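Given the sequences, and given the hints that come with them, work out the whole structure.
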Amino acid sequence: MLKNIGGISYECYPLSSAQRLNLCNIKEGTTDEVENIGAGQFLQIGVNLAAMREALNRAVERCESMRLRLWKDPETGETWQYIVPYQNEYFEYYDFSEWKEDKITDVLNKWTSQPFDTFGGKLSRIVILTLPDGYNGFYYNVHHVCMDSSSVIAFTRDVIEIYCSLMYDMPYPKPMASYIESVKRDLKYEGSKKQQKDEEYWQKQIALAEPMYTDYTGPGRLMQLRKENKNKKQRWGLLASSDGKGSTITYELDYDSTMKIMDFAQQNDIPVSIIILHAIRTVLSKFNNECTDITITDLVSRRSTLDNKKCGGVRMHAFPLRTIMPLNTTVIESMRMIKKAQDELFIHADYDPLKVFGGLAEKFGAAPGSTYASVDFTYQPGAIGAINDTLKGIGFKSRWYSSGKQPKPMYITAMHRPSDGGLNFYFGYQTECATPEEIEFLYYFTGRVLFRSIENPDKTLKEIIDMT
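Here the sequence shown is numbered in the numbering used here, starting from 141 and rising by one per residue.
No lab work stands behind these hints, which were simulated from the structure alone. All values reported here derive from a predicted model rather than from experimental measurement. Hints may contain errors.
To be verified - Listed next, the in silico DSSO-like pairs over lysine-lysine satisfying Cα-Cα at most 27 angstroms (straight line): (1) 495 to 479; (2) 240 to 250; (3) 449 to 480; (4) 495 to 334; (5) 344 to 373; (6) 479 to 334; (7) 385 to 167; (8) 495 to 324; (9) 250 to 537; (10) 324 to 334; (11) 503 to 167; (12) 503 to 367; (13) 503 to 373.
Right, dumping it as structure tokens:
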């Protein structure tokens, strides 16, 4: 639909359900920077500044969502999205080669904390950097309504491949897919038979008996809420932050340990994400008096096609992944049950998550901001390392930076390091809801349960809990 914005006509489109989910986080987190994504991508090679600026400009031109803007209609209050034409940009360059890593991190965290003008302004910024030890690349900050982590990885890959083509005569990368075309496909979902089937599935899930909130610190928070609300049978939890203030903690799993997980996954035809979900689920059961009803918020990238993998934008949906297992369930049975539940969730992942969470709260009379899941989880299988033969053996650093705000009380991302393929576990958390000590405790027991499980796949959940 054509809209006149600042005297210029733009073809505008409604927001997607994934974007609406992000804007809800801003509303709850009170400040725009809660939705900032900050990342750094650095290669251990010298950089030609002119070629890097050219590569970045070409990548922005090829990625429509990097030129996305939001506009709120002053008459109706409706929010629309549109793409501005490409304009060449001169990217700033900073030499941090003599700086210490912690000082660099402080600066990039500070840059990430600078909010964008969500409605009307530019929603990304890129700076070329030199780091110590010969690393060169770029820092990249973007609003979550424009990109998600999968998009960031795809955009980074495109930049590096364009740069290699310019500098080393490597093949020029194939075009990115159109973000606008993906938006149009999503709009066709509204009112479709697919949406009707998805709604039937989620309404059946909402119709089930009420889930049970299981906190990553144990039952104390739920017990306190029951006392405050004078309801001994209350099953919903409430994790809330007054200002969304947050931080991140990263744990690196060594390569050999990661390979044990990968080997188990391959031998048993079980996705790595399921193995990690099983571990988190079992820990939540252990911490909550061996509860058998566990819900984890599972984030779905919805990028099963090549076009969706290369179209940019945000396609991440979040849904409750609920499993009820008796304690005599074996590890391998647990993983298969989680996989079955996740497969069903994935089939119906195009549905609006806000309708699911709203439906649960309405049915069971839960307070605004309530939840049945204390942990959000996502797994990123892709890595940028070894993009082509030219880069093999070249050092690579990929870093994520914090805006000082977090949209969720506890968000765990498992992602493979580009350098060696080992797993990194990123814990994003709101400081009013978790402490570094609690996160370390959760990570420690998740690791113990994970490796005891793959070493003893025929043991029961009760046996694994007792072993850890």
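Here's how the hints hold up against the structure:
As the CA atoms of residue 495 and residue 479 are separated by approximately 23 angstroms, the hinted pair is consistent with the 27 angstroms bound. Annotation: proposed proximity of residue 240 to residue 250 holds, straight-line Cα distance about 16 angstroms (limit 27 angstroms). Pair hint residue 449 plus residue 480 holds up; C-alpha atoms about 24 angstroms apart against a cutoff of 27 angstroms. The straight-line distance between the Cα atoms of residue 495 and residue 334 is roughly 16 angstroms, inside the 27 angstroms bound, and the hint therefore holds.
Restraint check: the Cα-Cα separation between residue 344 and residue 373 comes to about 23 angstroms, which is no more than 27 angstroms; the hinted pair holds. In summary, the hint linking residue 479 to residue 334 is supported, as the alpha carbons are separated by about 22 angstroms, within the 27 angstroms threshold. Restraint check: the Cα-Cα separation between residue 385 and residue 167 comes to about 14 angstroms, which is no more than 27 angstroms; the hinted pair holds. This hinted pair checks out: residue 495 and residue 324 have alpha carbons roughly 21 angstroms apart, not beyond 27 angstroms.
A threshold of 27 angstroms between alpha carbons decides the hint, and for residue 250 with residue 537 the separation of about 20 angstroms falls inside it, so the pair holds. Taken as a hint, the residue 324 and residue 334 pair is honoured in the structure, with Cα atoms around 15 angstroms apart against an allowance of 27 angstroms. Between residue 503 and residue 167, the direct Cα distance comes to roughly 23 angstroms. Compliance with the 27 angstroms bound is thereby established for this hinted pair. With a C-alpha separation of about 22 angstroms, the suggested pairing of residue 503 with residue 367 holds against the 27 angstroms cut-off.
With a C-alpha separation of about 15 angstroms, the suggested pairing of residue 503 with residue 373 holds against the 27 angstroms cut-off.
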